[in-house]
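Asks: Starting from the known structure of chain L, arrange chain R on it as the hints suggest.
Single-letter residue listing:
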Amino acid sequence: MIAIKTEDLTYVYSAGTPFEKTAIDHINLEIEQGEFVGVIGHTGSGKSTLIQHFNGLLKPTSGRILINGVDLWAKETKIRDYRFKVGLVFQYPEYQLFEETVYKDIAFGPANMGLSPAEIDERVREAAEFVGLKPHHMQKSPFELSGGQKRRVAIAGVLAMNPEILVLDEPTAGLDPKGRDRILGQIKQYHKARGTTILLVSHSMEDIARYAHKVLVLNHSGVAMYDDVAAVFSRDKEIIQMGLSVPQITRIFSRLRDRGYPVSESVYTMDYAKQELLSLLSGKEG
Amino acid sequence: MLRDITIGQYFPGKSVLHRLDPRVKIVLTLAFIVMLFIASNPIGLLVGILFLVLTYGISRIPPIMILKSLKPVLPIILFTSILNMFFIEGTPLFQWWILKITLEGVTTAIVMSIRILCLIAGTSLLTYTTSPIALTDGIERLCSPLNRLKLPVHELAMMMTIALRFIPTLIEETDKIMSAQKARGADLETGGLMQRAKALIPILIPLFVSAFRRADELAVAMECRCYRGGEGRTRMKQLKIQMYDIWCSVFVGLCIAAVIFINLFAPVVLHM
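Protein chains in written order, with our numbering: chain L, 1 to 286; chain R, 1 to 272.
A portion of the hints provided could be inaccurate.
Calculated pairs, PhoX-like style, for lysine-lysine (alpha carbon to alpha carbon, straight line, at most 20 Å) [to be verified]:
#1 R:Lys176 <-> L:Lys59
#2 L:Lys21 <-> R:Lys237
#3 L:Lys59 <-> L:Lys75
Restraint ranges, calculated between C-beta atoms of paired labels, are given here [claimed, not checked]:
#4 L:Ser264 <-> R:Ala163: 54 to 64 Å
#5 L:Gly174 <-> R:Pro168: 15 to 25 Å
#6 R:Glu155 <-> L:Asn68: 49 to 59 Å
Among the chain L residues that face chain R by a calculated CB cut under 10 Å, a handful are [as the list claims (entries may be wrong)]:
#7 Gln91
#8 Tyr92
#9 Ala111
Hints are computed from structural coordinates only; laboratory data are not their basis.
For every residue, glycine included, the Cβ atom is placed at its ideal position computed from N, Cα and C.
Bound-form chain R, shown alone:
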C-alpha cells in the first residue's frame, strides 16, 4: 500500500536534541560539518565519532536508523575510496601492472570514508530530531537577512511548509483514486512501458484536479483568516533561545576547539 511510505525522516521524541531551537540545531550541524573538515588527523575524527555516539545516545534514535540513512551514500563512498587508494602517490604497498596501492592512499581512503559517514550521520540527526515544519521555520528565520536583498524568504518557507504538509494528504488521495479505478478494472500492474504510462492517466487527472481544488480551498481559508504574507506576522510558536541551546552551543564550540588543538599538537598530517 502507498500509505506505508513515510516521507520525511522525523522521529518524534522528547530528548534535549528534539527540544533544541531549530535555528541553533541548523547552525550547530553546520559547525559539526566544519569540524569534520578541519580535522586533519585521525584523533580529531575520533572526536567527531564520539560526538555522534553521544548525540545519538541522547536523542534515543534507534541505531538501525543510522544504517538506513547511510545506505544510499555507500556507492559514493566506495567509489571515492577506490580512487583515493589507487591515485595518491606515496609508499607503495602493493603493485600490479600500472596499478599500485599506496600507504597514503589507504589512510586517505579510510579517513575520507569516515568523514563522509560522519557527515551523513550528523546531518541525518538533524532531520531525525526536527519536524519538517520546525525545520522550515528555522531555515526561514536564519535566511531572514536575505529579505533585504528582496528575496521573498517568508513566501518560500510557506511554500515549503505547505508542500510538506500536503504530501501525506496527497498520498492518501492517490491511494483512494487508485482503489477506485482498480474497482473499475483499471490494470496498473501489467503491460509495457507505454501501456503503463497510459494506465496512469485515470489516476493523474483526478489527482491534479483535486490538488488544484485543495489549493483553491486553502487559499480561500488563508485569506479568510487574513493571511497576507510575512510582513508584520507574529507566530504562535515563538522560537526562543533557552539555556540548553546555549549549553549545547558551548559544547560544540569546545569540541571544535579540541579538534583544532589536536591538529596543532599531534600533527599526524594526512594527504588531502
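Chain L extracted, bound-state conformation:
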C-alpha cells in the first residue's frame, strides 16, 4: 500500500511579492507503507518544506498530497486527524517542550487526540520506554534534563500519538556520537516493532546508509533520485556534484574501482566492505 503520494506538489513562499521563492517544484513521489526512507539534499533543497506538507502544516500552492490514498486538502478531509497519523519531529524538537513535567509533555499529543486518561497513560509509558526514558525522569521538569534527554522527550511526545508515518527532520543534529547512535537505534527498533513508515532527514550519509532502505535525494526543489540505498550511492559522482556526499566507505571503494580493482559499486556499509575486501584479497592470492 502506498502511504504517501504526491502529485505535482508545488509550494511557493511569499507568492506575489518580490521575495517569491519556489521551495518545491512539481514533486511526484510514492512512498510505500513500512518503508524506512532516508531524505538527503543540501540546505535549501526543499526538504523541510516537503515534509511539512505530509501532515498538512503547509498547503500546497498547486498539486496534491495523498496520505493512505486520501487527499489532505479535499473538502471532506479533516486535516487535524492527519496530524496524528503523520507524526512530525522537527529540527531541535527540544525547544518545543513546555510542560511542568516530562510526563505531561509527552501526554500533550495523546491528550489532544481526545483519548481516555488510561489510554494516555499507556501511550506515554510506551513512548517513554521506546526512547529509553526511565520512570524517575517522568516527574522531572523537562528543563532539568540534559540536551540528549530533552531531545528524547520531544521525540517520545510524537511517538505517543502512535503515528502511522513518522517523519524526523535531523533528529540527531547537535548530539554527541553516543546520543546519536542511541536515538537512531531506538527509531530503528520502533520501526521494526511497529512497522511504521519512517522518513529520516539527515546530513550524515553514514547514518542513512546504516538505517534506511531507500534514499530520497532532493536537488533544486525537485526529486533527483528515489531508489534503494545501494542504487543511490552507486551514483556517487552525481551525488557529489549536487554538493552532497556518499558514505566514506563508498568513496574508498569508488577510488579502488577507479584504480582497476574489481569491487562492487554499491558498498555502503562496513560489513559489506569487509566482505568485499576479503574476497578481493583471497582472489589475488588464489
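Replies: The following block gives chain R in isolation, referenced to the frame of chain L:
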C-alpha cells in the same frame, strides 16, 4: 503565515534620501513639521505638498506606500474635521436646528486635514528611507548631550537596536514552535476566549525560554568581544556630514523661509 508580516517600514533603496545622514534626516523631518505648523496660509501648505511630491519622487518610494501609512490616521482626521466644521464660529453656510457649518469651519477643516496628512506622509518618509539601525544610531547621536544629565543614552539605543534586530528572529522562532505544536495536534484556531488563551501556553513558554537563552548567548558573545557600554566606543560606520547633507539642509531652510515669506506678504489668515 507569520513570516509574511513585516515589521518596520524600511524600504531599501539608493536615493540621496537613503544616503542622507540619519541625524540630518531626523532634524530635517522635525524642521518640516515646524514648517507645516507655521504655514498659516493655503499657499504655504502648498509648499509643503510640493516638498513631499519632490522628496517622494527622489526616494522612489512607490506612491501606494503613502496611502498605506495614511490609512491608520484617517479616522482621527475625519473626527477633527467634523469637529472643526461644526464648532468654529463665523459666516454660516448651512444651518439645521442647533447645528451649523461655517465657511471658516470648512476652510479650517480642510487645512487641518492637509496638515495632518502632510505630517504623516513626511514622517513616514523618514522611516521608509532609514533602516531601523541607522535610525536608532541617529537618535543616539542626537541625544548624546543628555549623557550629561546621567541618562544612559547609549544603553537605551543599544536596547532599541537589539530589540529591532531580534524581531524577525523571534517571529521565525514563533512560527517554528507553532508548527511543532500543531504537529502534536494543538488547536489554535477554535474555541472560546479562555480556551484560546490556554492554547497559547504551549507557544509562549518555549518562546520565553528561547528568548532568555538567546539573551544569555548574546550577552556572552558581546562580552567575548569586550563590549562594556558606550564609553570610548568607536564605530564601524562613522556618521559624517557629506555635501548632500548640507545641500538638503539648505534646501529645507529655503522652503521654511518661503513659507514665512508667504505668511508675511500674502496674509490670508486662517482660524486656528
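Asks: Which hint numbers does the structure go against, in order from smallest to largest?
Replies: 2
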